[in-house]
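There are 2 protein chains.
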Amino acid sequence: MLLVALSGWNVGQWVERLQKKMPGREIVALGEPFDRRAVHYAVSWKHPAGSLANLPNLSAIFSLGAGVDFLFNDDRLPDVPIYRVVDSDLTNRMSEYVIMHCLMLLRQTRRYDAQQKEKLWDDDRFQPAASDVRIGIMGMGELGQDAARKLRMMGFQVAGWSRTPKQIDGVTTYSGDTGLQEFLSCTDILVVLLPLTPQTRGIIDERLIRGLAQNGRLGKPALINAGRGGLQKEADILKTLNEGVLGHVVLDVFETEPLPQDSLLWTHPLVTVTPHNAAMSDPDAIGALVARQIAKMEAGQEPDYRVDRARAY
Amino acid sequence: MLLVALSGWNVGQWVERLQKKMPGREIVALGEPFDRRAVHYAVSWKHPAGSLANLPNLSAIFSLGAGVDFLFNDDRLPDVPIYRVVDSDLTNRMSEYVIMHCLMLLRQTRRYDAQQKEKLWDDDRFQPAASDVRIGIMGMGELGQDAARKLRMMGFQVAGWSRTPKQIDGVTTYSGDTGLQEFLSCTDILVVLLPLTPQTRGIIDERLIRGLAQNGRLGKPALINAGRGGLQKEADILKTLNEGVLGHVVLDVFETEPLPQDSLLWTHPLVTVTPHNAAMSDPDAIGALVARQIAKMEAGQEPDYRVDRARAY
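Residue numbers (the working numbering), protein chains in the order written: chain A, 5 to 317; chain B, 5 to 317.
If you are wondering where the hints come from, they were derived from the structure by calculation, not from laboratory data. C-beta: ideal position from N, C-alpha, C; glycine also.
Sample of chain A residues lacking proximity to chain B, with all beta carbon distances greater than 12 Å (derived):
1. LYS24
2. ILE31
3. VAL32
4. HIS44
5. GLY54
6. SER63
7. PHE74
8. GLY183
9. THR201
10. GLU247
11. GLY251
Calculated cross-link-like contacts (lysine to aspartate or glutamate; reagent style DMTMM-like; alpha-carbon spacing at most 25 Å):
12. A:LYS224 with B:ASP286
13. B:LYS224 with B:ASP126
14. B:LYS123 with A:GLU261
With the rest of the complex left out, here is chain A (with noise of 0.2 Å):
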């Protein structure tokens, strides 16, 4: 039996998917009847602190979505392997999410969007080419380095930045704390891909943001947050975005969601706000995700993508 925890999401959406990828399998939703002794797995997007104790024959959770950090606000959390996703679906998402709005950048959406409210047609400016801009990717996992393709071949510069080193195909990599400042400081858009683990939260803070080039072709850096909220210090984005530190802010992720009413990120001027949606995660495509990966374990292989609970990651 399977057993599908999910808070914030349409649960009987994904009952219905996850039932058709896997159609000779009992599902079961949290808050229905079941006998805790038939569950074998369970998948979990943010699932309530507790629900999956008690599970005796509980051997596997497999998250829903691309973070687990969340997994670990439980601390009765059973003591059996977690997997998280990996999946082209979600990849390309977040892709296209990342590709999109460093093209924005580039092509100063926002400044013709205003020109168009106000009929002011301004051909004259000069024009920056993707291959002038240096885009910088904080977390060079599966999601980071899609993305670090799909901008070179759109003509950008890309660098990574990575915990541990990596090698990657026309993309200069950096890592570690010493690598960080000169990421940075050839840096004109920062994308941040990073999972949030106890190393990582809070690490958009003031300082880093300062680091970043102020001789780009954009004028002043930009910043892109889709990993999670708590990598941020919003009031360190807003303090230098209003000392002209930072150019634009794009943030799909909070460190409180949805964002509270009274956050001045809603109505600033150079911050877009998107409400965590970068790269959903479709039932179709993760529902066959997880089948695949019960198959494998009832194969006797282990599935893929196991979380390191030293790492959180």
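With the hints as your guide, set chain B onto chain A.
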């Protein structure tokens, strides 16, 4: 001697950049005094009609922008070979524009912009993936093929329509009048990159728009014209927008440019206007191309991308 014959562009900047790319050559701009017999080459962007006549030793005209339609407005255009611009810098810029606007339509950027203004956090609506959406490109020359390749890499389904049949990997191709209806009927986002010729003038009309798919994942079809304003009938675009046939229109080009202040396109909520800057001619990149073309000619070879006067392209 090279004659620079421009209107609407910064002549001084072009002369300076062209001189840098061809240091040994004498370069003059229209309006300065010069010996008409000394002129062997002309570069043009919307030169005043007649200004290239009476140049007895002129051997070639090089256009400085992607289109050459403007040349044929000059009934005293000398009968010498004309060469158009095919340059990776210009091609990349056009693809930036096309891919960005296709992604903005896919990711419903205008909807999320409006929600941000209302401080509305709505992450609940289903988000189609690029692979759910069918882009149809009219005009499969260098620009169309580069855009097609990059749209495919972003995950979109891509089809192309051209005057003559073409085979392109991964792209469903259609051609001629007979292929047009079928092409339109499976197109969710129509991207127009055609040259303006007597055959294509006014091709984007009510009938063409009504042929677009009405069963796509974005709801209503969308139109992006980054070719030439003469391709479109703006009254038909406004009519089909207002009748709910079209969902959104992105226009970089217009029947009259600059777009007149009284055009309803400026303020229509479903229209994005940009000031004919989808693919700017960069003086450095285009100057280097002209230098290469003249060097070829002087080495006794035929320069590339000669215009066929019979096709006006």
